[in-house]
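Chemist: Each chain is listed here by its residues.
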Amino acid sequence: MLKRINARTAFAGLLVFLSVLGPGIITGSVDNDAGGITTYSVAGAIYGYNILWTLLPCLLVLIIIQEMNARMGIVTGKGLADLIRENAGVKVTFFIFIFLVIADIGNTTTEFAGVAGSMQALGLSKYVAVPLSAVAVWILVVKGTYKSVEKIFLVFSFFLLSYIVSALLGKPDWGAIRHAMVHPEAKFDFDYITMVIGIVGTTIAPWMQFYMQSSVIEKGLSIEKYKYTVADVVVGAIITVVVAFFIIVACAATLNVNGIKIEEAKDAALALKPLAGKAAYIIFAAGLFVASVFSATILPIATAFYVCEAFGFEAGIDKKWKEAPEFYWLFTIIVLIAVGIILLPGAPLIQITIWTQVFNGVLLPVVLICMLLIINKVEVMGGRVNGHFGNAVGWGTALVLLCMNAVFLGMSVLGS
Amino acid sequence: MIANTTIYFSKLLGANVTGEDGRSVGRLRDLIVDVGGQRPKVVAASVSSAEGPRLVAFGPCRIGSEGRRAVVEASRIEAASLPAENLLYIKKHLLDKQIVDVDGRKLVRVNDLVLDRGQGGYNLVAVDVGLEGLFRRLGVAGLLGRLLKALGRSLPSKLILWNEVEAVDFSTTQIKLSKAYSKLDGIHPSDLADILEELDHASRVALFNSLDEDRAADVLEELEPGAQVRILENLSEEKAADVLEKMPADEVADILDELKSEKAERLLAEMETESSSEVRSLMAYPDDTVGSMMSKDFVFFNQSMKVGDALAELRSVRPEAEEVYSVYVLDARGKYVATVSLRDIVVADPETRLGEIMNSVTDPLHDTDSAGPLAELMLKYKLHTAPVVDVDGKMAGTIVIEDVLEYVMRKR
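Listed in order, the protein sequences are those of chains A and B.
Just so we're aligned: 168 in the working numbering is position 168 of the first sequence, and the numbers increase by one with no gaps anywhere.
So the number in the working numbering is just where the residue sits in the second sequence, counting from 1, plus 416.
Calculated from the structure, these hints are not laboratory results.
All values reported here derive from a predicted model rather than from experimental measurement.
Where hints are given, some of them may not hold.
Unchecked claim - For each label pair, taking beta carbons as the anchor points, the in silico distance ranges come out as:
id : chain 1 : residue 1 : chain 2 : residue 2 : range
1  : B       : R443      : A       : V92       : 15 to 25 Å
2  : B       : E580      : A       : F190      : 56 to 66 Å
3  : A       : W329      : B       : K827      : 31 to 41 Å
Stated by the list, open to error - Straight-line distance between alpha carbons at most 25 Å, and here's what the computed BS3-like set of lysine-lysine pairs gives:
id : chain 1 : residue 1 : chain 2 : residue 2
4  : B       : K592      : B       : K457
5  : A       : K319      : B       : K522
6  : A       : K320      : B       : K522
7  : B       : K574      : A       : K319
8  : A       : K320      : B       : K827
9  : A       : K225      : B       : K679
10 : B       : K522      : A       : K143
11 : A       : K126      : A       : K319
12 : B       : K508      : A       : K91
13 : B       : K810      : B       : K751
14 : A       : K91       : B       : K507
15 : A       : K319      : B       : K827
16 : A       : K219      : B       : K676
17 : A       : K219      : B       : K679
18 : B       : K427      : B       : K457
19 : A       : K322      : B       : K574
20 : B       : K655      : B       : K712
21 : B       : K676      : B       : K655
22 : A       : K377      : B       : K508
23 : B       : K522      : B       : K507
24 : A       : K91       : B       : K574
25 : B       : K827      : A       : K143
26 : A       : K320      : B       : K574
27 : B       : K427      : A       : K91
28 : B       : K508      : B       : K599
29 : B       : K522      : A       : K322
30 : A       : K227      : B       : K676
To be verified - A few chain A positions that, by computed beta-carbon distances, are all more than 10 Å from chain B:
id : residue
31 : P57
32 : V90
33 : E185
34 : K227
35 : Y228
36 : V234
37 : I239
38 : K322
39 : I337
40 : R384
Just so it is clear, CB atoms sit at the ideal spot from N, CA and C, and this is done for glycine as well.
One chain only, chain A, in its complex shape (with noise of 0.2 Å):
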């Protein structure tokens, strides 16, 4: 259909844009997984709309961080585990994804610790649930049918539209909010710089980074798309901090408003719960579950994938278990420790979500460093490297992540 189209039309620009859209896009789904549904609901229900303003700033970098990693996908044509590896030399590499690993088998116990809590909202017991999708997920991955499920959970996304929907019928305050995201009335202690960071983990995930750039070499996109994928970035940023957004409002007008802390999943539902009724609670819980198993089975592969990226094994799900033993090991590795930590009798779900999504968002300025440097190579990117304002706002970015780092470490160690 394309080939027969002029060029120059808009309606034709908007094709073009459909046939490069996925990437950004997708990521941008993906990115509302457990830990980030979980991450907003707390955030709104302790904060109020106190903590909205911090979506501002995600989003900005949000889509400058994605912007690069397309860019150097696209240029380079090489993953960012393989850039890593070949600007950095083995020992930086090693340490990068010593951290990474470990936020991730942090982040795949999240999207089990939604797994068991949207079941639990529907009154199955996590020692129940949690084994059987990890099973599952196991089986998807192994034996290889993933990309078929991938189109299914872009479908079942669609649910967290939910949040917006009952954030919009519960008639927020839209005057407080404004007030809000300008005058923000809180206390920069340690609880609310933790909630910070975990919300920039959480929406600037460092796996996400080494995903997206991965999709646009799979989709194989070349130079002349740049503006296209540009706008999918753009899109799929705007289409995560929207929908953080609205989690934020939801749980913020139901849940602070009345005092309610989040101890539970369950308590997240309840922010549907009386605006829509019973059906809300349930379609919070599907959407949850679902997101959930996706991410749970994205995570642990991208993970291995990666890994052996950087360090030369043979990796891939259209590979069989004898070909890339050391992918498909790492993988069921990360899966049994994730699954492990959620089966231990009282473990504090909400609490490993937030303090995996903290994880993340410390090592964020490190990935974004070493991004930093490959981006500004001339013989890595051609004629693609940074512009000024790109630095600025890159190293900028770090800098400010650093900071916070620094204040967060600082206050932990020291006692809040």
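Given chain A's structure and the hints, the job is docking chain B onto it.
Modeler: Just chain B, lined up with the frame of chain A:
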């Protein structure tokens, strides 16, 4: 570290370089190797000094050790005079990059490199792609090695000799090699296609461009459609047309289907008319019809021809294997008459006429038939190829079993 004359490159990085008076001149940052000759020879070292980086000729240098660290002792420090081409920098171009393991027919990552000392100086001998090399770079190989030894095992180590690897990742550099990619000549096109698919874009294009047209055509056939399109887009239209002309028309039709129609048109126009008209007629068939899958390359004779003469003809024409599982008997007007399997030709008496051994029992396929039942049909009659006729009964092409297999696998 230095056992006999084996030297690991990773141990040399950052080594102190001393001059004739024993004073330090700087630290070793890289080694430059001349790969033009039989064995790659280290010709210079890149040394970082107080005045900036300099290239020092390696002839007068000796690699020694002070305790556990390596040192490079130069009996004289002279600037290196380097040839214009066939130079590789070990750290810049090889370390941590991907290269082709020719024997294993796949890409591997270079963790370390091995040098040795020969009569004329130092040579690059092998690359280390194994776990031991990885741990050595992390500085823990010694410790881990001893630990494992206590358990009766050792670190997995994998060294590949230099003449069994080929550097292909030139995406970031302007290297001029006179015999680039020569070691890849023995690799089967299908394996080369797999390697190409794993490379980044720039390296892929560079490698593909170095292939002669026949080999390029074989490799292009084996690539997956996405990669085929991207490579074609990066070739000049002349070169693309030359490569496409060497490919079977049905393959070309499939590839051109994936391109934008203006681009496909331009390539067809650039190709020789005979090839392009064959391709055009195939592209005219809708997807999932027998016509869209058939090959235009087949062998035919008249039924009065003797077996012996037919064999002589085959020997002179030298068709490809898939073109000659069976030969076809056509009448004077090109209408399909019957099929003769290669087996029947080979066992028959050379004086027999084709008409006596030909098989006209099974009906030929029609080019507009659906491709769906093909697999079952060919299995049922144990066919490797099947003739296809057009609406007038004239021979239009053949269906080859490989294409049916590909079709079935794609549909799955």
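Chemist: Checked against the structure, which of the hints given earlier come out wrong?
Modeler: 11, 32
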